[in-house]
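With these hints in hand, go ahead and build the complete structure from the sequences.
Just so you know, the protein sequences line up as chains A and B, in that order. Sequential numbering from 1 applies to the first sequence in the working numbering. Sequential numbering from 1 applies to the second sequence in the working numbering.
It cannot be assumed that every hint is accurate.
[To be verified] Interface residues of chain A toward chain B, partial, derived using beta-carbon atoms under 8 Å:
{"id": "1", "residue": "Tyr29"}
{"id": "2", "residue": "Ala32"}
{"id": "3", "residue": "Val43"}
{"id": "4", "residue": "Pro61"}
{"id": "5", "residue": "Met144"}
{"id": "6", "residue": "Leu148"}
{"id": "7", "residue": "Ile162"}
{"id": "8", "residue": "Ala163"}
{"id": "9", "residue": "Tyr226"}
{"id": "10", "residue": "Val245"}
{"id": "11", "residue": "Gln246"}
{"id": "12", "residue": "Ala247"}
{"id": "13", "residue": "Tyr252"}
{"id": "14", "residue": "Glu278"}
{"id": "15", "residue": "Val282"}
It is worth saying that the hints were derived from the structure and are not from the lab. The model shown is predicted, which means the values in this text are computed figures rather than measured ones. We put the beta carbon where it would ideally sit given N, CA and C, even for glycine.
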Amino acid sequence: MATTTLQAPGRIARTRKADSVGWGSPLTYFIAFVFVAICIGPVIYIIIGGFRTNAQITTDPSGFPTHWQVNNYLEVLRSSIFWRQVSNSVITAVFTTLGVVVLGVMASYVIARYQFKGRGAMYSLFAAGLMFPMTVAITPLYIMIKSLGLMNTLAGIILPQIAFALPTTVIILVPFLRAIPKEIEEAASIDGASRLGFFFRMVVPLSVPGVVTTGILAFIASWNSYMLPLFLMNNETSYTLPLGVQAFASQYAVDTARVLAFTSLSMIPALIFFSLFERRIVGGLTGAVKG
Amino acid sequence: MSDSLGENSPTLTTSPEGPSAVGGGARTAPSPARRPRRGSGPDWRKRLEITILAGPAILVFLTFVIFPVLMAAYYGFYKWKGFGRPTNFVGLHNYVVIFQDPTFHQALMHNGFIVVLSLIIQGPAAVALALLLNQKMRGRSIIRVLIFVPYVISEVIVGTGWSLMLQTVGAVNSVLEKIGLIHHPIDWLSNPKLAIWSLMLVISWKYIGFAVILFLAGLQSIPEELFEAASIDGASYWQTQRRITLPLLGPTIRIWAFLSIIGSMQLFDLVYIIWGQYVSSTAGTSTMATYMVTNGRNAGNYGFGNAVAVVLFVISLIVALIYQRFVLRRDTEGALTEGKK
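Written out as structure tokens, the structure reads:
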């Protein structure tokens, strides 16, 4: 990487004015290509590995399939436990997202547009939440969920996930809601809308883009969440996909091809979701970091 | 001008006015003269609205984030197996055990190693890649999508996939043998001298895309005029990067470094998935978090596990505070030197 940035200056200095054209060098593309290959190579390896047989993988771990086997994938798709875990993951992610979005918008609206004592404190409370990672709270959470009788239930994961996603949500949404022009609120007020009426009729529709961003972030975090289900789920029918992948990988440790097929299938939903909303996810993450 | 623009348009640009604007509430304060309905409205009504709207979020947040953290501090003083109420108060005993345990020292050292190496490996590489990808080139948007893929897929998939590939009979050795770099398979995962480097490989692979994307966003917010002015003044490409791009990218780099440090301190998933609960300490990849889970929950010592959680939190907090102080100092210094020029 260092070599390009070192080689480039000379050329740029010479063709200073035309640098936007001069930079499209093959070397740039080459390095970009290598980087992309490194990033997605392992992912492609996992997907293609699922199309091979164990014998092939043993004789040549890094080769291409000699003939493409769909059996591994079909077997996983036919197993009921896989679909059980998919549905657990979907339900958890959907309800986490809904909870985060509904609670987050309401709280952010208060912080963004109400004048009252303790508003700053409320914002600080949520912002401080960023300093409390799940790792610190996990053991007491486990004990609490157990005493609430929510072990092995999806609600037991959903509630803490909502709580831990609230800080980011509030931090993204508050500036967003504050940016809704005051004139709109004034106009609504002249038309006789109460502040709550304004909230439901104007704020909710206008905040859709910000809500979508925070919703997607919450969805992906929930889809990939590992530590919380690890502590709270101890039977296979209540596993979410990450735990399912891990259990499957240790259960069928010798059946590498099937493990790869299971792994590929469990990441496909997240990949589809990501490619659909890529712009928003990237924008939301960078926005959250900068804000 | 730009400020008023940001105020009036509901765009997605989350300008960093969030925290500061909360303090400066005067700007958005409703003037009673202009809004008679609101101003004269009964105060209890406003309070009710605030309670209804913000109450549920605060309740959920306090119950599932703040309360457990406080309980961790409380349980940490007890010897407790997790059944019934903790009764066996042991004072600071758990903490003494933690700080005298060589296994914990190792875990702490590994965390430190990961913190430093993550910064050294990912930082320069990501800046270089972001500079490279920030040019006008074809397929830039698809490249941005592809390099972000490792960040989006879950730790479990990354861990499972890499642990298969890094086996002695796995794909990594096979590729290296094919291109003639090695002749005997390398034991990537259980050789204590190598394992932590394998972990660094996986960590870098998973998280570098995030750094690059972050830096790209930072680069795009640098006004084009600055580069034009520099080129008119006859600055070379390298001078431009050193005097303009890097200083202006500074805040983004520092925030990324902060996130990276905190992430490295809390690292759990990847280690626990690749090395499991028992092997990580012998392979030399254990972290404070895996130490916490292995010796706390898995061993049934819940009081002890909570004490480890508190230590982990306090150490992260101290690192975070030191870093913020250091960064603040650096930022003001930078501002001063820039002012002199």
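Unmet hints by their number, sorted upward, for this structure: 6, 12, 13
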